[in-house]
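Kindly generate the complete structure, drawing on both the sequences and the hints.
Now for the letters of each chain:
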Amino acid sequence: MSAPRLLITASPHLAAGDSTPRIMWNVVGSLVPILAAATYFFGPSAVLVVAAATAGAVVTEHSCGGKGTVGDGSAVITGILLGLTLPAGLPLWMAFVGGAFGIGIGKLVFGGLGQNVFNPALLGRAFLQASFPVALTTFPAPASAGDWWRLGGDNFALPFVTARALDAVTSATPLGRMKFEQAATPLSDLVFGSTSGSLGETSGLLILLCGGYLALRNFLNWRIPASIFATAALLATLLHALDPARHSGALFTLFSGGLMLGAMYMATDLVTSPVTNLGCWIFGAGVAVLVVVIRSWGGLAEGVMYSILIMNALVPYLNRCTQPRVFGSRPVRRAP
Amino acid sequence: MSDGGAIRATEQVPVPAPQPAEVRASRLLATLGVGGAVAGVLLVIAYGVTLPRIEANRARVLHLAINEVLKAPERYDTLYVVGKALLRKPPPGVDPKKLEQVYLGYGAGGRPVGFAIVAGAAGFQDVIRLIFGYDPKTHELLGMKVLESKETPGLGDKIEKDPAFVDQFRGVRVSLVGVKKGKRSSPREVEMITGATISSKAVIRIINDALERLGPLVDGYTQEGKG
Amino acid sequence: MGDLVWIFFSSMVVNNFTLMLFLGLCPFLGVSGKIETALRMGAANTFVLVMTSLAVWVLNTFILSHAPYLRLIAFIIVIASLVQIVEMVIKKLSRALFRALGIYLPLITTNCAILALAIFQTNRDYTLAQGLVFAVGSGGGLALALVLMASIRESVELADVPALAQGTALVLFIAGSLSLAFMGFAGLLSSG
Amino acid sequence: MEALSPTAILGSSLILGGVGLFFAALIAVTNRKFRVWEDPRIDAVAGLLPGANCGACGQPGCRAFAEQAVAGAMAPARCSVASPDVRAEIAEYLGVDVGQATQRVARLLCAGGTDVAPNRVEYHGLRTCKAAAAVSGGHKGCAWGCLGLGDCAVACTFDAIWMNEVGLPVVVPEKCTACGDCVRACPKDLFVVMPMEHKLLVQCKSLLEGEAAERLCRVACNGCGKCVVDAAPGVIEMKNGLAVIDYARNDLATPAATRRCPTGAIVWVEGAQPLSAAATRRFVPEVAA
Amino acid sequence: MSQEMSPPPPHPAAHGADGLAERRRAVPPNVDLVKGVWRENPVLIQLLGLCPTLAVTNSVANSVVMGIATFFVLVGSSLLVSTFRRRIPNEVRIATYILIIATFVTIAEFALQALVPGIYKALGPFVALIVVNCIILGRQEAFAGRNPVGRSVLDAVGMGAGFMIALLIMGSVREILGSGTFLGVSLFGPRYEPWVIMVLPPGGFFTLAFVLLTISWWKRRQPALAKAAEPRGLVVAERAA
Amino acid sequence: MWSRLNFRHGVHPPELKELTAGIPIRRVPFADEVVLPLRQHTGKPARPVVRPGARVERGDTVAEADGYVSTPIHASAAGTVRDIGLWPHPDGSYALAIRIAVDRYSPQAARPRLVPDWTGLGPAELIEAIRQAGVVGLGGAAFPTHVKLSPPQDVTIDTILVNGCECEPYLTTDHRTMVEYPERVQLGIRIMMRCLGVSRAVVGIERNKPDAIETIRGTLPTDIDVTVEPLEVKYPQGAEKMLIESLLHREVPSGKLPMHVGVVVQNVASAATIAEVFDTGLPLIERIVTVTGRGIRRPANLIVPVGMKLRDLLDACGGVTEDAKEVVFGGPMMGLAQAHLDTPLVKGITGVVVLSGAEVKPQVSYPCIRCGHCLDACPVFLNPQLLGQLALKERWNEMEANHLVDCMLCGCCSYTCPSNIPLSQLFALAKSELRRRPAPI
Ligand SMILES: Cc1cc2nc3c(=O)[nH]c(=O)nc-3n(C[C@H](O)[C@H](O)[C@H](O)COP(=O)(O)O)c2cc1C
Ligand SMILES: Cc1cc2nc3c(=O)[nH]c(=O)nc-3n(C[C@H](O)[C@H](O)[C@H](O)COP(=O)(O)O)c2cc1C
Ligand SMILES: Cc1cc2nc3c(=O)[nH]c(=O)nc-3n(C[C@H](O)[C@H](O)[C@H](O)COP(=O)(O)O)c2cc1C
Ligand SMILES: Cc1cc2nc3c(=O)[nH]c(=O)nc-3n(C[C@H](O)[C@H](O)[C@H](O)CO)c2cc1C
Ligand code: SF4
Ligand code: SF4
Ligand code: SF4
Ligand code: SF4
Ligand code: FES
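Protein chains in written order, with numbering that gives the first Met the number 0: chain C, 0 to 335; chain W, 0 to 226; chain V, 0 to 191; chain E, 0 to 288; chain B, 0 to 240; chain U, 0 to 440.
To be clear, the hints were calculated from the coordinates, so they are not data collected in a lab. It should be emphasised that the depicted structure is a prediction, and the values quoted were computed from it without experimental measurement. Each residue gets a CB set at the ideal place from its N, CA and C atoms; glycine is no exception. Zero decoy hints are in this set.
Pairs of lysine-lysine, DSBU-like flavour, derived with a Cα cap of 35 angstroms:
#1 LYS120(B) to LYS179(W)
#2 LYS83(W) to LYS136(W)
#3 LYS392(U) to LYS43(U)
#4 LYS430(U) to LYS174(E)
#5 LYS149(W) to LYS120(B)
#6 LYS33(V) to LYS392(U)
Chain E is faced by these chain V residues, among others (derived, beta-carbon under 8 angstroms):
#7 ALA66
#8 LEU69
#9 ILE72
#10 ILE76
#11 SER80
Just the calculated beta-carbon pair ranges, DEER-fashion:
#12 VAL93(W) to ILE62(V): 13 to 21 angstroms
#13 ALA225(C) to ASN5(U): 20 to 28 angstroms
#14 GLU147(W) to GLY32(V): 34 to 42 angstroms
#15 LEU106(V) to GLU399(U): 25 to 33 angstroms
See the structure below:
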């Protein structure tokens, strides 16, 4: 044969441009502005906490997962997103443990990328919140210009040692204030982000923009955030109409707490959300209902994480019941 | 793949095992009947032997709790809630264990110091049951002790373990109001535990609810001078 | 009324028998492989729970107040025979129902959730209504946990679970994660 | 003490005794109605069997085998997975002979390792024989030959197959239970399960003849017909350019048939098949030179 | 299915599986005793009795008390069952076993209530639930109902010890990590940050999962056989990289 | 009513047709040998009627149909039968083929009319003539046309759809046919309408071929009801079920054929071929093939004698480039990669695409990330994600329960999968496994 050695592959012989690592690294890229905003509001602590969580995730993925799987970028996303759901003052070792748990138990025991049932980042956070409830609910106030360089709280506490909450200015989150003091926070603060809370729950607007970019490129299913926002807004408006003192309005509900980050980045995790579009609508609605229920009647001020985890558990069932209707299963319709 | 399918002629066929004969019904009756009777005897004996200890244990726990919330009274009486009244003796024919009870403590010289009341309701995880001492004359609490709770260790369980929280219930005036830590400004107020607002609120609510229900009875009992 | 609502949600999600109280783990681990089976097991369980609640209320109210030491034995005997009777009745009434639910009944006899319900109901002095709501709630909770676990296991069957974690360890990890997620319900309806 | 009063003791023993009697009666009645008796030896034998449920015995599973064995329809030796000790134990337990079963083994009808039968093209995609075979027949030059991706080795639950250095599956006769999984796994139908006494094998399935066959694989059967002449009449026949052995005449087969085979496609096998690169070279003079 | 042949009654197999068990008799007593501890550990290997194993092991003290109670019930019932095994008709076997077990459990319950009221309360319904613990009924069915008293008691002791060991492992891990104490004694001083999750329900599941993981890692340390020479299935990133 | 001439789902691969879209069709010179596999159509292979050494003229029958769903094969060049034996077949196997040594000195003239003039013939005679001419569908599946044109009694056909979509990237065979031979297309339609006794025909053409739409529109006959509908550019617009959905909004029931909804779908090249057969009087012995791709030096649209070997065809197009990597018969979405350069072109091959190393998809796959893109791509609304996972675990029977039969192996799912999971390969495999091994009882 004179020709070069031929190749045979199964059809199709062409592939669309997107690849899994490219999607993942795009998501990482889109998180950078959010991380930058967190740094702007909370100082260097933000970078440290996110870096520690990411290190926990990546180290675990590298040492326990298959070789070379760090390169697909998914562990980095897990780490960054986990970091963004933590308070700025969290001891770094805790963030590291959270990342390791999320990847180890949330992902690798299921067989690694694509096989897990629960969102690894949120599972890591849930683990941390159950393990160290006090540290996870101690929120430093956003830094003001003068003390921007100060680390928020106990970043450098030694492993296994109770943090001493040195002298950090802690403050209640907008949700905590709403729930336990019936005090509202101005909407502009929520939209632009100068409120206390987890690193990633500062500027709702920015998250909306970054997530919107991913939705436009079809890296996430836009139906999930759409469904979450619509359902949450509807329920909140309804409850607010019934009892304005206890229940906040739609905009507060959407922009407070982790809802924005959760809806844009975590409920949309491809792996742990339904594959069918109908499933995605239901999934989103379920998340929103649970968030509103937990925020309104639950013991916790915030329920985004738990809502997403609970709905994650329902995803296999949703996938099963929302199978598309196969072409050709409609009764025969003859044209006249 | 079909050679040697059936067994060869030289091989023996296993002897079929005989089916065991059926058991007579009388044996079944005897076994279970005798077994049941013996078990019944054993149980009664075990119960009888341990009952005194068990009741003593219960009494001791109650006693300690009353002691704690009524600041170590000389002695205390058990009063029974019957309808809208407190009675010293349960009405005849009613099992006293089924009636709600409050305890009236007496200080030195037989002076009544206050009532100990047991109450419970849902907390963060599950039901919280507690006992508190109440002085109807001053409308102040004398103390509070959690008897039973499943609140989160490290957070909610501070309602029983954190002295800073528990000690507030000495001398606070009813009805109670919960406030954030460091915000206490009136004798009615109780500072709640940071990170366990719900458990703290539950304690306050349990006490307030119990007094709303039993307060008039207790006050009435005191005014009638029986105290 | 509010009380009943609280009992219902508390027993179904907040203090879910399986995920929060570790009751009924045998069926949870054993028959959670397929959604169909899990659904049926859940239904059969709920049914038996309601029957038990009824029976226990009768026992407590009319018989056992005089002989507390016979409680455990009475419960276990009543449950065992109840299951037997239900099995026979279902068999008689409908073959389809028997095939759907009946075959799980013998498994339920040795399921500790049933006995636990009897004990809880007794210890908490539930009224008849409260007891029934409690039974429905906890049965619903068992069924919920079973179905969630079954659907997850069905999907995980297609995953490349590392050999080390295969089997019960993985199921326990999933159960732990579910339990973690259900902690979100803590304090539901009790924050006042 | 109230609880220890004779009435209480008597009362509770009466209650529990009564309950016991009641249930005993119930059980006695139901027992009479629905009694199913199953020979307990079935369970016992099933407990002794390896539980592989491989089907090599021709039964749908180990328990079915146990039922048959207890009924006397299956000799214990027919379980090829159980060790001789276990077979003897079952036989002794049932009071029967162990019985005999011809030892059968899986044989590969291809000797074209990568050293003698090169790949023609590169294949990208799912790395299984089945998948590769479905893409233009696979990457192998010889369209009938082994693709070497080891579906058979994976299918074999008894670890009886290993892939050798030239990409051919080698069956370890001692481990092979003749379950036939490899037969089902191979997309090129290269495996056959046959008795060990069948020692004359044509390790080729190529239907090409002469030059065309040999160009693709140096150990292919080129259809020259020498073996047909050398063997006892009727043992070997040429069909579509391939030598086919009639195993009904196996008793007449001798190694003589292999002597003049120019490619070494026909072999006389004792024990394991000679499939390694070194072994195939023995048959191919020009490669050995 | 089997042909009617000359019926010789004293057939060795007439006793069914029991006959087989007796035929393979040569088990030394120490095997009966030890097998439950590790090789056939009821919890860690056979995965029986998981409800109490998870529910009561948030502290060592609870685990120990629960272990003792179960041990007592197991040994007691095995003793009785094997003593009377020839008298109990097969048909009422289970009912009788349950009666025996329930009696022992009730006795244990009273005893714990009298002796250690605090822990009794912490154990909640799980003492009563020993009745339905499959380990107990399982051992009666599988062993005590078919074997002589001596062996049955040895077996019960072994199994009870195995159960206790499993509870102790779980209890220690959970108490040490979750509270920083062992049997209530502080191990790391007051500045230890407890991992609260370990004493909460998820911690129970996770701990047992990790224990099982460790065991299966231990069991599988022998090298795996390489089956296929070439990479198979999807050529996944890691392989190509 | 607002009518949407489209089907749902599908993908948009790059069109890549500019390489040959503007190149006029030319004839390729004869090579030394043609190889005529006996299996060039769906159905039973033909039965040879010549012996080695026999002299054949161009158009002679060399193998005759063996049964109803079968077609005869004709010599595509004058020469001598060299051999009838195993030869590489485009499907990858070795199959029986008639090899003809082409007579270099023959003028390759056609024999006198083998196929009768159409004008005076009734439906039955037309169909028989089509059958004798060995006409099969040229859209890819190579289904014997005479079978399609004779629907069973119990179905009534009301419309013929003429498939001019050519939705596969790269290919321009149908495009050039429509631009250069519009009258033949029209005539073919007329003949088919007469065969079926149908009064309506619709030509569906993707919008990316405006010149074809215009040409066909410009030549529409006025005496019969033929219309042209421009369709959205989307793969697989040309798949018959999708085409029927787009043009007529009829959903072909699962497991049924277009005729069950009253439709027959024919490719434009098939229509043109029918016309040509009656026009020239020669049976189907040559067809138009696009030879294209980044890996070929001189892409072209060629009239190629059936049975020409791939090697000769590539040489006729200036040979392959340095980085040519993969040769595909058919389009890049559904075509078959070839392992032998000796494989002959059979009747159903619409194009030869030579892909360069840079174009072929990567070898590496990632695990499925459940993105759901494949669900959004599948034009028959399957769940390729689930099917793929089941296939990787070899759970064939469950795949069947999940409607594997409805998969038409269009490859949309594989194309769109970011993890590069060979989904349609898995499905093809599963289908063959299920065929090989009937469900265990
Ligand atoms: C995406 C996201 C999800 C979150 N989910 C939860 C949650 O489910 N529960 C929770 O307590 N906190 C969650 N947080 C952090 C909360 O916003 C923060 O804990 C809460 O506002 C303070 O509630 P506290 O009253 O419990 O302190 C989440 C944060 C983010 C960014
Ligand atoms: C794992 C976990 C356990 C918790 N346990 C309790 C508890 O026992 N009691 C309680 O009141 N709140 C508990 N919380 C609730 C939160 O901390 C909640 O935000 C808190 O009640 C709000 O109080 P704060 O406004 O003082 O922060 C728990 C939260 C988590 C995540
Ligand atoms: C995925 C897919 C894509 C197809 N694309 C085309 C196409 O673009 N053009 C075409 O003529 N036939 C195409 N076909 C074939 C048609 O479905 C149908 O078989 C053909 O149009 C029938 O005409 P014929 O018998 O004349 O070939 C495609 C088939 C499939 C399954
Ligand atoms: C849009 C998008 C959102 C993601 N969100 C998360 C997330 O919330 N948590 C996480 O651990 N990984 C996330 N990932 C990464 C990846 O899907 C995840 O690690 C898998 O769950 C691991 O199997 C996301 C990826 C994408 C593309
Ligand atoms: S798979 Fe083949 S080699 Fe393995 S045991 Fe079965 S028959 Fe033998
Ligand atoms: S024998 Fe068959 S299954 Fe085995 S490696 Fe060769 S082609 Fe694959
Ligand atoms: S190949 Fe099959 S499953 Fe994939 S998109 Fe096409 S029809 Fe759907
Ligand atoms: S497109 Fe690929 S990665 Fe996405 S769901 Fe489908 S199979 Fe999985
Ligand atoms: S169900 Fe709880 S021990 Fe079996």
